[in-house]
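For reference, the chains in residue letters:
Number of protein chains: 2
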Amino acid sequence: MLNSYDTEDKVLLAVDCIIFGFDKEDLKILLIKRDFEPEKGKLSLIGGFLKKSENLDDAATRILNHLTGFQDIYMEQLYAFSEVDRDPVERTISVAYYALINVENHTEELNQDYDAKWFSVENAPKLIFDHDRMVRRAISRLRYRTATKPIGFELLPEKFTMRQLQKLYEAILSKKLDKRNFISKINSLDVLVKLDEKDMLSSRKGSYLYKFDQEKYMEKSTQNFSLNL
Amino acid sequence: MLNSYDTEDKVLLAVDCIIFGFDKEDLKILLIKRDFEPEKGKLSLIGGFLKKSENLDDAATRILNHLTGFQDIYMEQLYAFSEVDRDPVERTISVAYYALINVENHTEELNQDYDAKWFSVENAPKLIFDHDRMVRRAISRLRYRTATKPIGFELLPEKFTMRQLQKLYEAILSKKLDKRNFISKINSLDVLVKLDEKDMLSSRKGSYLYKFDQEKYMEKSTQNFSLNL
DNA sequence: TTTAATAAGTGTTAAAATCACATTTTTTTA
DNA sequence: TAAAAAAATGTGATTTTAACACTTATTAAA
Numbered sequence: 000m001l002n003s004y005d006t007e008d009k010v011l012l013a014v015d016c017i018i019f020g021f022d023k024e025d026l027k028i029l030l031i032k033r034d035f036e037p038e039k040g041k042l043s044l045i046g047g048f049l050k051k052s053e054n055l056d057d058a059a060t061r062i063l064n065h066l067t068g069f070q071d072i073y074m075e076q077l078y079a080f081s082e083v084d085r086d087p088v089e090r091t092i093s094v095a096y097y098a099l100i101n102v103e104n105h106t107e108e109l110n111q112d113y114d115a116k117w118f119s120v121e122n123a124p125k126l127i128f129d130h131d132r133m134v135r136r137a138i139s140r141l142r143y144r145t146a147t148k149p150i151g152f153e154l155l156p157e158k159f160t161m162r163q164l165q166k167l168y169e170a171i172l173s174k175k176l177d178k179r180n181f182i183s184k185i186n187s188l189d190v191l192v193k194l195d196e197k198d199m200l201s202s203r204k205g206s207y208l209y210k211f212d213q214e215k216y217m218e219k220s221t222q223n224f225s226l227n228l
Numbered sequence: 000m001l002n003s004y005d006t007e008d009k010v011l012l013a014v015d016c017i018i019f020g021f022d023k024e025d026l027k028i029l030l031i032k033r034d035f036e037p038e039k040g041k042l043s044l045i046g047g048f049l050k051k052s053e054n055l056d057d058a059a060t061r062i063l064n065h066l067t068g069f070q071d072i073y074m075e076q077l078y079a080f081s082e083v084d085r086d087p088v089e090r091t092i093s094v095a096y097y098a099l100i101n102v103e104n105h106t107e108e109l110n111q112d113y114d115a116k117w118f119s120v121e122n123a124p125k126l127i128f129d130h131d132r133m134v135r136r137a138i139s140r141l142r143y144r145t146a147t148k149p150i151g152f153e154l155l156p157e158k159f160t161m162r163q164l165q166k167l168y169e170a171i172l173s174k175k176l177d178k179r180n181f182i183s184k185i186n187s188l189d190v191l192v193k194l195d196e197k198d199m200l201s202s203r204k205g206s207y208l209y210k211f212d213q214e215k216y217m218e219k220s221t222q223n224f225s226l227n228l
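For the protein sequence lines, the chains are A and S, in the order given. For the first sequence, numbering that gives the first Met the number 0 begins at 0 and goes up steadily by one. For the second sequence, numbering that gives the first Met the number 0 begins at 0 and goes up steadily by one.
Don't read these hints as lab results, they were simulated from the structure. Check each hint, because a few of them may be wrong.
Since copy identity is lost for identical chains, a pair holds within one copy or between any two.
In silico lysine to any residue, SDA-like type, Cα no more than 25 angstroms apart, as pairs [said to hold, decoys possible]: (1) Lys-219 / Thr-147; (2) Lys-32 / Glu-7; (3) Lys-50 / Gln-76; (4) Lys-23 / Phe-211; (5) Lys-125 / Ser-3; (6) Lys-184 / Leu-228.
From just these sequences and the hints, can you work out the full model?
Structure, rendered in structure tokens:
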């Protein structure tokens with residue numbers, strides 16, 4: 000059956016995922032050694048192709064789950080990369096997504112069939128194709144997101160200290176923050192619950208653990224706010 | 000020649016353009032009556048398909064130029080829309096772009112072969128497919144952009160009054176602004192040049208015309224800044 | 001020619017937000 | 001019991017933001 004679209008070009012649509020993780024100190028990204036030509040053996044983002052039967056969000060979720068085993072992950076569409084020669088094999092447009100996860104909770108479930116490893120975002124290795132550009136754009140989006148959504152929490156374990164939360168924001172924004180000012184700004188968001196429990200690993204005194212107030216957190220995630228750190 | 004991508008699905012990649020214009024009072028978008036089935040006769044964004052030989056930015060520019068005659072227009076990629084059934088004819092992913100133009104300067108050069116007309120963004124008509132969603136997302140991006148780039152200027156004639164600039168920002172943000180505060184914030188951006196000329200159309204006293212300082216403007220457009228209105 | 005009308009132009013002040021900054025507390029281990 | 005280590009906590013100065021009203025320049029009408 001003919002239709003007016005029949006003379007148009009069709010292309011491959013890739014989905015590449017920038018997976019951010021945090022391990023108490025540094026912001027990391029998950030990379031794999033590409034196991035097919037071209038650029039076999041080089042480092043690459045986790046990626047795959049869109050199927051006709053799914054939308055891009057679903058494809059991103061499927062690809063992430065397939066290559067890592069991760070489920071229920073925060074993902075957001077980033078940008079479509081479309082330079083004509085970006086993939087030497089064939090004309091491919093790639094829609095990048097970024098995801099946020101907590102390294103600790105997810106490292107054991109990492110699917111070992113694929114050689115995925117965490118790399119620090121600072122001094123990251125060179126990636127194939129235009130994947131470096133994707134990472135740079137993802138970082139810049141992530142920085143913006145911290146100012147509009149309570150996003151950083153996705154990267155932390157369920158219970159965490161203020162210090163850890165601050166380290167996370169410092170890693171994302173790549174700058175030092177003042178402890179007292181940070182705490183009062185975070186508290187003013189009104190999404191945290193202070194627990195009676197202390198974390199005794201980091202100091203002799205021990206530091207209080209926090210978790211978020213699920214309800215308030217969901218509320219703030221759907222609204223917009225402004226957090227200037 | 001076979002390669003590892005051969006078993007993957009290929010899809011049509013559309014590019015749809017949200018073209019914002021400003022006519023001294025209201026923020027508008029340019030729409031066309033679709034002249035082919037399905038949904039023939041209904042209102043739609045300006046769109047077309049990506050060719051294998053071009054990237055998305057080039058496709059957006061080509062499509063805009065072809066359907067309107069406009070050239071040298073500010074465009075920015077917005078988002079990829081990919082619901083499986085978004086286009087009933089065939090699986091199509093659409094990457095939306097938005098553009099900003101000055102209605103006055105461009106209405107005469109509007110290509111009359113296509114039945115393109117300006118519609119107010121407030122009380123806009125219902126559009127085909129998911130084009131309404133695209134418009135909503137474009138407005139929200141545009142609002143954000145006003146806070147980070149000297150973007151609004153693309154929508155004004157070369158010489159304009161402070162009043163016109165304020166009206167533009169009011170239309171984009173959909174709220175009233177204080178005249179004195181607005182002027183001082185704009186001036187602090189340091190991109191405007193006050194001319195000796197006055198616009199005598201709007202009042203008996205006449206109001207000074209401004210243009211931008213090209214050099215400073217370009218500087219600020221590439222940097223980021225923060226303008227809270 | 002005087003007056004009425006119209007939008008333009010212009011500063012100040014109070015309130016709120018931001019930033020810089022240092023000491024005390026708790027606990028463990030030597 | 002003293003020393004060490006990180007946690008916890010508040011204030012004051014500065015900057016930014018927001019609210020607010022009268023005077024000026026000009027033209028058209030009386």
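Status of each hint after checking the structure:
1. Lys-219 / Thr-147: Cα proximity of Lys-219 and Thr-147: in one copy and across copies (9 angstroms, 23 angstroms).
2. Lys-32 / Glu-7: For Lys-32 and Glu-7, only the inter-copy Cα distance (21 angstroms) is at most 25 angstroms; the intra-copy one is 35 angstroms.
3. Lys-50 / Gln-76: Intra 17 angstroms, inter 23 angstroms, cutoff 25 angstroms: intra and inter.
4. Lys-23 / Phe-211: Cα proximity of Lys-23 and Phe-211: one copy only (18 angstroms, versus 47 angstroms across).
5. Lys-125 / Ser-3: So Lys-125 and Ser-3 pass the 25 angstroms test across copies only (23 angstroms; inside, 43 angstroms).
6. Lys-184 / Leu-228: Cα proximity of Lys-184 and Leu-228: in one copy and across copies (8 angstroms, 22 angstroms).
Every hint, counting from the list given before, is met by this structure.
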